[in-house]
Amino acid sequence: MEIKFTINGEERTEQIKPNQRLLDLIRKDLGLLSAKEGCGKGECGACTVIMNGEPVTSCLVLAAQADGAEILTVEGLAEGDKLHPLQEAFIEAGAVQCGFCIPGCIMTAYCLLKTNSLPTRQEIRTALAGNICRCTGYQKIVDAVQLAADKMAAGGEG
Amino acid sequence: MQKESKLNAENRQKTSGRGSNKVPIGSADFLAPESLEKALDYRKRYGFEATVIAGGTDIMVDYFERLYEVNSWLDLNKIEELKKIEINDEEIIIGATATHKRIAEHPDLQKYLPMLAHASSEVGAWQIQSRGTIGGNIVTSSPAGDTLAPLLAYDAKVVLQSKGGNRILDMSDFFIGPKENVEESDELLTKIIIPKPSENILSRWKKVGKRKALIISSLTMAILIEIDNDGVIENARACYGAVAPTPIEVKNVGDYLKNQKLKEVDAKKVGEIAVAGISPIDDIRGTEQYRRQVTHDLTVNAIKEMAEEI
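From first to last, the protein sequence lines are chains X and A. Oh and the first sequence: position 89 is 215 in the numbering used here, straight run, nothing missing. Oh and the second sequence: position 217 is 347 in the numbering used here, straight run, nothing missing.
Derived from the structure by calculation, the hints contain no laboratory data. Check before you lean on any hint, since a few could be wrong.
To be verified - List of simulated lysine-lysine pairs, DSSO-like, C-alpha gap at most 27 Å:
{"id": "1", "chain 1": "X", "residue 1": "LYS167", "chain 2": "A", "residue 2": "LYS342"}
{"id": "2", "chain 1": "A", "residue 1": "LYS340", "chain 2": "X", "residue 2": "LYS162"}
{"id": "3", "chain 1": "X", "residue 1": "LYS167", "chain 2": "A", "residue 2": "LYS309"}
{"id": "4", "chain 1": "A", "residue 1": "LYS168", "chain 2": "X", "residue 2": "LYS130"}
{"id": "5", "chain 1": "A", "residue 1": "LYS241", "chain 2": "X", "residue 2": "LYS240"}
{"id": "6", "chain 1": "X", "residue 1": "LYS130", "chain 2": "A", "residue 2": "LYS214"}
{"id": "7", "chain 1": "A", "residue 1": "LYS168", "chain 2": "X", "residue 2": "LYS167"}
Stated by the list, open to error - If you want the footprint, here are the derived chain X segments under chain A, 3+ residues with CB under 8 Å:
{"id": "8", "segment": "162–168"}
{"id": "9", "segment": "181–190"}
{"id": "10", "segment": "250–256"}
Where a beta carbon is used, it is the ideal one built from N, C-alpha and C, also for glycine.
Start from the sequences, fold in the hints, and give me the full structure.
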């Protein structure tokens, strides 16, 4: 079957299978590899992408359900060579260890900062509760989101 | 938890992405009607042959690594009418595909149905709340479904619609066992109707789990007490999840509390009555003994807190 959707600002028409997951469409068909498959059951958040403005675990969404949707992945954040403040902040805060969970964390944090431009540490923790990280202990991830919020408030990006 | 067997890992390769020859394009159907009428047509024609999907946060886990077993999907997400949340003088009507996120953040639901809004804000995590729906939580009919004890406490009714007409059932009559309910193959759960609670309502919602996020609850509790101006209990409902084959109301608690002054209630006695009314099992989320103890303690604390609130 055929679906039309927008991903990272680009309109696409793709042939998909009714039983295909959105995660597989993004990774295997489109070759966008930022979203990862961790558990495949919506428990780890590594496959988080933004769908119509909300973070979703793309392993629990059928590709067919993305018909008409707007999808954003980490690949859509940077503008040319200029990284998004969230990406810069994760690097500067040293929030990345193995990195497997980070694209998911960044996408959830992106949604958080859209609606709450200066979140408290507790609000960051609540927002990111669906993103499991087994390396960092979360402190530096929370630091990075706060740093990104500061950068964006200072005019890094609206 | 489930470990991935070799067989499952092989299946995954065959069911998604390119290079699959097991499920050629077009072998399964994806039905995404834009009207409820059309959806009910499909439901009549395909019955249980077509797997109904809304948010997918339960069904996609159930079919994890065997998505190829689904022949037809009936997706409800394009039906705008099912997403509506309406509030009038007597009732609050929530469309079956209203997401947990919308319910958690809806100012009127926070005001009139705080236990439901709170429970919805604790389902899974943000990613699950974005997709998961209240109707899906009900139809999945897990004894541990987070919104179910609050809905029972609010005396909710569900509307089951089919080509032939509507059935309106009390929530308590909808569930018949773990993940079993009375929905027929040609029916869809379309809305939830909740009588608008009066002003003099006290309520307590509690969820116990091993993690704060993304956990199937070990136990949930929703207690609602309606008092008159003298602090006498007119009506009370104590409802629990994950302590019996279905989410339940322990009616003896309500009967015991009725006509008592809330300030004078023997909270320990209420806890004992609650424990006598449940039938928990041992499982990976807790033992029977643990669930009895927690039911007791949460109930006692809730009654004490509510008595202090007035």
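Outcome of the hint check:
For the hint pairing LYS167 of chain X with LYS342 of chain A, the CA-to-CA distance comes to about 17 Å; that is within 27 Å, so the pair holds. Simply put, LYS340 of chain A and LYS162 of chain X have alpha-carbon atoms about 25 Å apart, close enough for the 27 Å limit, and the pair holds. Distance restraint check for LYS167 of chain X and LYS309 of chain A: the Cα-Cα separation of roughly 18 Å lies within the 27 Å cut-off, and the hinted pair is therefore satisfied. Restraint check: the Cα-Cα separation between LYS168 of chain A and LYS130 of chain X comes to about 22 Å, which is no more than 27 Å; the hinted pair holds.
Using a Cα cut-off of 27 Å, the hinted pair LYS241 of chain A and LYS240 of chain X holds, with the two alpha carbons roughly 25 Å apart. A threshold of 27 Å between alpha carbons decides the hint, and for LYS130 of chain X with LYS214 of chain A the separation of about 25 Å falls inside it, so the pair holds. Simply put, LYS168 of chain A and LYS167 of chain X have alpha-carbon atoms about 31 Å apart, too far for the 27 Å limit, and the pair is violated. Counting residues of the segment 162–168 of chain X whose beta carbon lies closer than 8 Å to any beta carbon of chain A gives 3, which meets the minimum of three for the stated coverage.
Coverage of the segment 181–190 of chain X by chain A holds in this model, with 8 residues showing a Cβ closer than 8 Å to a Cβ of that chain against a need of three. Taking a C-beta to C-beta cut-off of 8 Å, the segment 250–256 of chain X contributes 3 residues in contact with chain A, enough for the three needed, and the coverage statement holds.
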